[in-house]
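Heads up: the protein sequence lines correspond to chains A and B, in order.
Quick note on the working numbering: the first sequence kicks off at 1 and runs consecutively.
Quick note on the working numbering: the second sequence kicks off at 1 and runs consecutively.
No false leads were slipped in.
The calculated SDA-like cross-link candidates involving lysine to any residue, where the alpha carbons are at most 25 angstroms apart (straight line), are:
id	chain 1	residue 1	chain 2	residue 2
1	B	K106	A	P362
2	A	K391	B	I164
3	B	K317	A	P322
4	A	K395	B	R400
5	B	K56	A	S59
6	B	K46	A	D52
7	B	K56	A	N47
8	A	K46	B	E32
9	A	K391	B	R108
10	A	K317	B	D351
11	B	K106	B	L133
12	A	K395	B	L133
13	B	K395	A	V19
14	A	K147	B	K56
15	B	K106	A	T218
16	A	K132	B	G364
17	B	K36	A	N47
18	A	K276	B	I312
19	A	K391	B	V156
20	B	K395	A	P216
21	A	K395	A	I222
22	B	K395	A	R108
23	B	K391	B	S196
24	A	K391	B	M98
25	B	K114	B	V130
26	B	K259	A	V19
27	A	K329	A	D365
28	A	K391	B	K106
None of these hints come from the bench; they were simulated from the model.
Listed below are the residues making up each chain.
Number of protein chains: 2
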Amino acid sequence: MIQASIITIGDEILIGQIVDTNSSHIATALEEAGVKVRRMLSISDKNAEIKDILLKELSDSDIVISTGGLGPTKDDITKEALFQLSGSSDWTEHPGQMEMVKAILKSRGLDTLKSNRAQALVPDKAEVIVNKLGTAPIMVFRAVQGKGTLYSLPGVPHEAVGAIPDIIADIRAHFSLAEILHRNVMVYGIAESALSELIAPWEDALPADMHLAYLPNTLTGIRLRLSVYGNDKEEENARAEAQIAALKDILGDKIYALKDSTMEEAIGELLIAKGKTLSAAESCTGGEIAHMITTVAGSSAYFLGSVTSYAISVKEKVLGVPHALIEEKGVVSSEVAAAMAEGVRRLTGSDYAVATTGLAGPGGDDVNPVGTVWIGVAGPNGTTTEKHCFKSDRKRNIQRFAATALNALRLMVLNG
Amino acid sequence: MIQASIITIGDEILIGQIVDTNSSHIATALEEAGVKVRRMLSISDKNAEIKDILLKELSDSDIVISTGGLGPTKDDITKEALFQLSGSSDWTEHPGQMEMVKAILKSRGLDTLKSNRAQALVPDKAEVIVNKLGTAPIMVFRAVQGKGTLYSLPGVPHEAVGAIPDIIADIRAHFSLAEILHRNVMVYGIAESALSELIAPWEDALPADMHLAYLPNTLTGIRLRLSVYGNDKEEENARAEAQIAALKDILGDKIYALKDSTMEEAIGELLIAKGKTLSAAESCTGGEIAHMITTVAGSSAYFLGSVTSYAISVKEKVLGVPHALIEEKGVVSSEVAAAMAEGVRRLTGSDYAVATTGLAGPGGDDVNPVGTVWIGVAGPNGTTTEKHCFKSDRKRNIQRFAATALNALRLMVLNG
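Between the sequences and the hints, there should be enough to build the whole structure, so can you do that?
This is the structure we're talking about:
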C-alpha cells in the first residue's frame with residue numbers, strides 16, 4: 001500500500017495558536033483514495049528543520065504532502081529549503097500562477113509589485129499546479145534525492161483544502177492505487193457497541209472485497225463506510241447497493257442519510273421533499289438548533305424562524321406557554337416542552353416545530369440534574385415529548401441536546 | 001530554552017476521522033511556561049513505530065509529551081512499547097490510580113473486572129500522576145535510555161487537557177524555566193497591520209525584558225499578549241499594569257477585555273455590572289448570536305431571549321417590522337435592522353437588543369452581494385445601525401456577522 005506523510009510548516013501551530021485542520025482533510029482524502037497515512041508532523045519554519053524532516057519522511061514514505069510556510073513574508077525560508085532539497089539550480093516564473101497572482105491583486109484593486117511577482121517564482125525542479133484560490137503555487141517535486149514525491153501546498157485552510165482534488169488526481173496518475181468505491185450510511189440513536197452487535201450477522205457475511213468501517217462522532221452519530229475494492233465501478237456500485245438495501249432492512253429509521261451528510265442537511269432534504277416548513281423554540285439549547293438548521297444553504301425554503309425563550313416571561317408572552325403550567329409542572333418538564341413546540345408552531349404557522357427545555361449546566365438538582373433535557377416535537381398529527389440525560393460540560397450538553405432534538409424532529413417528519 | 005515534542009498515538013487522527021486538539025492545548029501551556037515546542041507528530045499505534053519515534057524525539061528534545069493509545073482495548077500495545085522503551089522489568093499496580101478506577105466504575109454502577117484492573121498497572125520505571133478524570137494513569141518516565149523525559153497522557157480530550165496543570169508543575173519541578181508573567185489584552189475592530197502601526201511607538205519603547213505577541217483570530221479579534229521575564233511576580237505585575245494602562249490610552253474601547261476571554265463573556269460581565277438585560281433578533285445569523293451568548297454559564301441572568309426571523313412573515317408578525325418598510329427599503333437594509341432590534345427589545349422588554357439582516361450566501365446581487373450585513377443595536381438611548389461586507393463562505397460569513405454584531409452591541413452597552 002502506498003504510504004504518505006503529512007507535514008505542516010509554521011510556528012502558529014507549534015505555539016498552540018492554531019489547530020491544524022488541513023492535515024485532517026488531506027488524511028481523509030488520502031485514506032479514501034487508498035493511500036495509508038503513516039505519520040503527521042508539525043515543524044517550525046527553519047531551513048535545516050524543514051530539510052531534515054522532509055528528507056526523513058521522503059525516505060520513510062512514498063508521498064509527502066506539506067502545507068504552509070509559503071506566505072509572502074515567509075516565502076524565502078520554505079521555498080529556499082525546497083529549492084535546496086530538490087537540487088534545483090535556478091528559479092523560474094510560472095506563467096499560469098503569475099496570471100493568477102495578477103488577477104487576485106486586481107480583484108482587490110491592487111497593482112502587482114515585485115514582492116508579489118516572487119509568489120509565482122518556483123525552483124526549476126518543481127512542477128506547478130496552479131492555485132486557483134491564492135497567490136502561492138502548488139508545487140510537486142518528484143523523486144527528491146531519489147526518494148519519494150513531495151507536494152507543497154499553501155497553508156491557508158481553504159486554499160489547502162481546495163488543492164486536494166488536484167493532488168489526489170496527480171497521485172492517481174503517478175501511483176498504482178486500488179480502485180475503491182466508498183458508500184456512506186449515516187446512523188443516529190444507537191451506541192456503537194449496540195450497532196455492532198445488531199449488524200454483526202450482516203457484517204460477517206460481507207464478501208472479502210468489501211470492508212466496513214465505523215466512524216463514530218459523539219455529536220453526529222455513527223458514519224458506516226462500506227468500501228468495495230475492484231475494477232468495475234458499475235458492478236461494484238450494484239453490489240454495494242444490494243448490501244445497503246439489506247442494511248436498511250435491519251436499521252430502518254436509525255439511518256438518517258445514505259451519503260456523508262449532517263442531520264440538519266438530511267432534515268432539510270426531507271422537508272423540501274414533503275413541501276413542509278419548520279420552526280423551533282429553544283430554551284437550554286439557546287439558539288444552537290436554529291444555528292445548525294441555518295448553516296444549510298437554502299434552509300430559508302423551509303425554516304421560518306425560532307424563538308429562544310431563555311426568560312420565563314418570553315416562554316409565556318411570546319410562545320404562549322400558560323403561567324400555571326410552568327408553576328405546576330416546572331420549566332423543565334414534558335408539558336412545557338410540548339407547549340413550547342406547539343406555541344412556536346402556532347406563532348410562525350409552520351408545519352413542524354421542535355422545542356427544548358433543560359439544564360445545560362452548571363447547577364441542577366435531584367429531579368433535574370445537569371444534562372437533563374425535555375424535547376418536544378409538534379406536527380400536523382400531534383405532539384410528542386421525550387427526556388434525555390447527558391453527563392457532559394455545558395458546551396457539549398448544548399450540542400448533544402440539539403443533535404438529539406433534531407433526530408426526534410426527523411423521526412416525526414419521516415414517519416408522519 | 002527547554003525544548004519539547006508532542007506526539008499523539010492512534011489511527012483515528014491518521015485517517016482524518018478526528019482533528020487533534022490535544023496537541024494545541026498542550027502547546028499553548030508549554031509555550032506560556034517558557035518551553036519551546038519544536039515538533040508535533042501523530043503516529044500509528046504500532047510497537048516499532050511508537051518506540052522509534054519516541055526515541056528520536058527523546059533524543060532531539062528535552063521533553064516528550066504523548067497522548068493517546070491508552071484505552072482499555074489498545075492498552076497492551078502502547079503500554080508494552082513504553083515498558084520496553086523505558087527498560088522496565090516488571091509491572092506494578094498503582095494504588096492511587098486503582099482507587100480511581102474503582103470509583104469511576106462504581107459511579108457507573110459497574111463492578112471492577114480484571115480488564116479494568118489492568119488500567120492501573122504501570123511499568124516499574126514509570127512515576128504515576130493519578131488521572132482524576134479517567135481510568136488510564138498519567139505516566140512519567142525520566143531519562144529514558146539516558147535521554148529526555150517522557151510524559152504519557154490519556155488521549156480522551158478532557159482527560160488530556162485536565163492533566164496539563166500537573167504536567168506543567170512536574171516540568172517546573174524538574175527543569176529550570178524562566179519565570180514569565182503573561183497578561184492578555186483582547187482587541188476587536190482593527191486589522192492586525194493597522195493595530196501594529198497604531199501601537200508601534202508604545203511597542204518600540206517596551207523594556208528588553210518585556211515581549212509583545214500578536215495572536216490574531218479572524219473571528220475573535222486579536223489577542224495581544226504581554227510577557228514579562230523576571231523573578232519578582234509582584235514587581236513584574238506592577239510594571240505590566242503600567243504598560244497596559246498606557247496601551248488602554250491608545251486603544252480605548254477597541255479593547256474588549258484585559259484577560260483571555262471571548263466577546264460574549266465580556267458582554268456578559270458588562271451587562272451584569274450594569275444590571276442590564278439583552279435580547280436578539282436574527283435573520284442571516286440564524287441563531288448564532290443567541291448560541292454564542294448562551295454558551296456563557298450564567299447568561300440567563302441577562303439574556304432574555306431571541307427571535308430568529310428567517311421568514312418575512314416572522315419579521316412582521318413576531319417582531320412587528322412594518323410590511324411597508326420591508327417593501328420600500330428591502331429586507332437587507334438599515335431600516336429593517338433597526339426595526340428588528342427595536343421590535344425584539346419591545347417584545348422581550350430587554351434594555352438592549354441586537355439584530356442582523358444580510359446575506360450569508362449563496363446568492364446576492366449588485367446592491368447586496370453575498371457577505372453583506374446590516375446590524376442594528378437598540379438601547380435606552382436610541383438605535384444605531386451599521387453595514388459590513390465580508391467575502392467568505394456561508395459558514396464563516398455567519399460567524400463574522402455574529403462577532404461583528406456582538407462588538408457593536410458591546411460598544412453601545414459600554415458607551416451608553
